[in-house]
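**Student:** Sequence:
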Amino acid sequence: MPKDLHAEIIADLAGALNAWLSERGDHPPAALGLPTREDAGDLTLPCHPYARTLRQNPQAIATQLAEVLGAHPLVARAEAVAGFLNVRLHWGAVAARVLPWALTDDAARGRSDALAGRKILVEYCSPNTNKPLHLGHTRNIVLGSTVAALARAAGAEVVQINLINDRGVHICKSMLAYQRFAEGRTPEQAGRKSDHYVGDLYVQFERAFQAEFEASGAKDRGTDKDAYFNTESALGAEVRRMLMAWEAGDADVRALWRTMNGWCETGFDATYTRMGVRFDQIDRESQTYLLGKDLIAGGLDAGTFERDPSGAVVFDLARIGLEGKKAVLRSDGTSVYTTQDLGTAVQRLDTHGFDRMIYVVGNEQDHHFRVLFGILENLRPEVQGRLFHMSYGMVELPDGKMKSREGKVVDADNLMDDLHALAYAAAKERNPDLDDAEVHRRAEAIALGGLKFFLLKFAPPTTFVFDKERSIAIEGETGAYCQYAYARAGSILRKLGDADAGVEPDYAALTLPQEQAVLKALLAFPGEIANAAVELKPNLLTKATFEVARAFAGFFNCNDARVIGAEPGVSAARANLVRAARRSLAAGLELMGMTPLEEM
RNA sequence: GCGCCCGUAGCUCAGCUGGAUAGAGCGUCGGACUUCGAAUCCGCAGGCCGCAGGUUCGAAUCCUGCCGGGCGCGCCA
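Residue numbers for the first sequence follow our numbering, so the first one is 25 and each next one is one higher.
Nothing false has been slipped in among the hints.
Straight-line Cα separation of at most 25 Å, PhoX-like style, residue types lysine-lysine; simulated pairs:
1) Lys-561 <-> Lys-544
2) Lys-561 <-> Lys-27
3) Lys-143 <-> Lys-561
4) Lys-143 <-> Lys-27
5) Lys-350 <-> Lys-317
6) Lys-217 <-> Lys-492
7) Lys-317 <-> Lys-349
8) Lys-492 <-> Lys-567
9) Lys-492 <-> Lys-561
10) Lys-567 <-> Lys-27
11) Lys-452 <-> Lys-492
12) Lys-544 <-> Lys-27
13) Lys-544 <-> Lys-567
Derived Cβ-Cβ restraints for the label pairs, each shown as a range:
14) Arg-404 <-> Ala-84: 53 to 59 Å
15) Val-558 <-> Leu-58: 16 to 22 Å
16) Glu-330 <-> His-72: 49 to 55 Å
17) Asp-36 <-> Val-489: 41 to 47 Å
18) Gln-213 <-> Arg-264: 26 to 32 Å
19) Arg-518 <-> His-376: 44 to 50 Å
20) Asp-36 <-> Pro-405: 37 to 43 Å
21) Thr-358 <-> Asp-491: 41 to 47 Å
22) Asp-63 <-> Glu-406: 47 to 53 Å
23) Val-434 <-> Thr-297: 18 to 24 Å
24) Asp-491 <-> Arg-264: 41 to 47 Å
25) His-72 <-> Gly-141: 35 to 41 Å
Read the hints as simulated data drawn from the structure, not as lab findings. Using N, Cα and C, we set each Cβ at its ideal position, and we do this for glycine too.
Work the whole structure out from these sequences, hints included.
**Tutor:** Structure (structure tokens):
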């Protein structure tokens with residue numbers, strides 16, 4: 025079982041403090057934490073909370089506790105300052121415990137049992153089959169796949185699900201455009217990636233509809249576009265006719281639908297492959313959209329739902345502290361989006377019996393998920409606390425937010441091509457004589473790694489502006505910086521060879537600040553990763569990995585801390601420090617779906 | 001009108017289950033290559049934590065009210 029050494033050391037010290045405290049009555053357990061002040065040492069305990077129960081001032085308590093810890097072998101110094109107990113660790117002694125652990129224990133690679141034995145479903149991506157994936161999907165995919173990887177590292181059994189929206193009006197628009205404008209051409213004949221080809225048709229439809237709308241003069245009569253589509257529009261009528269034909273199972277419509285969805289999904293698969301993601305389960309709305317009706321009927325009998333005067337079945341949102349009523353079945357008996365979401369969730373509960381189901385969906389649907397979860401908890405009380413909406417903010421462009429209706433989107437494939445081109449140019453400049461295929465391989469690793477790191481480094485709720493140049497930069501808190509640290513660590517070890525084989529490492533000699541910084545980052549790594557997994561905060565993963573990289577860079581550049589040329593025992597100890605850093609770095613990169621590079 | 005999210009250094013963002021003198025990256029300025037990769041590293045400067053109250057020994061963090069920005073509030077998906 026992975027061992028979080030940092031937690032263990034803290035628990036060890038806290039145990040001594042708690043023993044002292046409990047001899048003097050009931051007190052909250054000692055919460056040793058990281059100090060905010062740089063000169064306060066390595067661990068700190070505020071003693072103010074004990075002042076009342078011990079009837080002593082905090083400084084006096086801290087002073088006595090300092091004496092308790094002073095004798096501990098891992099403690100170099102314990103002192104009381106302004107009511108705080110500050111502990112400075114004996115880093116030589118700590119190093120002797122940290123490095124053997126960091127080189128072998130799975131915890132140093134981010135593995136934990138924080139979610140051991142749990143079954144976790146992660147639904148993400150959720151594309152529509154009428155246009156290619158865009159930057160928003162990219163954030164979604166990177167968040168979803170990383171959360172899945174983190175959960176797996178934390179010991180969970182993970183099922184990654186992609187729910188494909190493959191039916192509905194928008195699909196019919198592309199299909200109609202195909203019939204009208206495509207002259208039977210396939211994507212191959214048109215020379216287009218197949219999902220882009222379908223997207224082109226969708227745009228053609230929107231253009232034709234816009235022209236029809238403008239020519240109709242409906243706008244001057246005060247009719248907006250949506251209303252026009254649903255009432256007057258000839259194109260709108262055709263789309264609706266096609267949707268009805270689809271629902272009736274019309275053979276020709278179904279055949280075209282299958283073909284065009286196939287084009288889309290084939291194109292998506294290429295994008296997923298390039299991004300390095302893979303799903304365990306594909307759900308298609310064409311197969312799930314009728315689910316939920318039985319559930320509604322049952323809930324109606326049980327009193328969860330009620331029938332309103334028009335005949336629709338509704339859920340009273342007052343039951344979950346919200347206002348209004350949510351229709352779960354139209355008055356004509358047909359289902360709404362929520363109907364199938366309910367059905368799909370219950371089906372997954374029955375087939376998987378999950379402990380957690382995580383929906384990775386943008387924050388514009390926060391309300392929808394509050395309602396959905398509220399209804400589900402009424403229908404199936406056992407899901408309480410098991411449903412999570414991993415809500416995330418929009419990605420904006422340097423010149424404003426994305427608007428798909430205005431065609432103002434960044435296509436995911438094009439974006440990756442752009443980043444690759446930028447990374448390639450930089451790599452080529454650095455390595456003009458290197459084999460071109462190898463330059464491309466490195467450029468791809470830097471481009472995709474940089475993209476993922478950049479998308480993960482922001483807390484999920486944060487809306488941010490995507491910056492291509494920054495995303496592949498090596499300076500600062502970036503993916504390439506972490507890859508570079510990994511490569512430089514490898515460079516030392518290659519040069520070192522087996523020079524330290526059989527040499528007893530002198531860990532007690534690792535007392536330089538640059539060495540301690542690496543040890544600290546290694547110690548903190550597992551806890552951060554486990555936290556990232558449990559709290560659904562992938563930005564903790566980028567942070568923890570970056571901290572290892574940064575500490576290592578400081579060590580690497582320190583001339584007093586050279587591996588090669590140092591006294592043998594010291595050299596061996598430092599070599600193991602490098603190996604340990606490289607091991608944790610590799611783990612961090614892997615969890616983010618990034619490719620480590622031996623040379624850059 | 002109601003709900004949710006956000007407001008922190010010139011810029012982009014962490015920190016938000018309360019702890020000391022609020023952090024990181026970028027940018028600016030100044031340093032470090034005869035030595036393991038200078039694509040790096042080190043340092044300086046830079047803050048009414050949107051505003052005003054409240055709770056507390058202690059508030060960026062919790063509560064209330066404002067101000068500013070975003071997203072929602074459908075028998076759409």
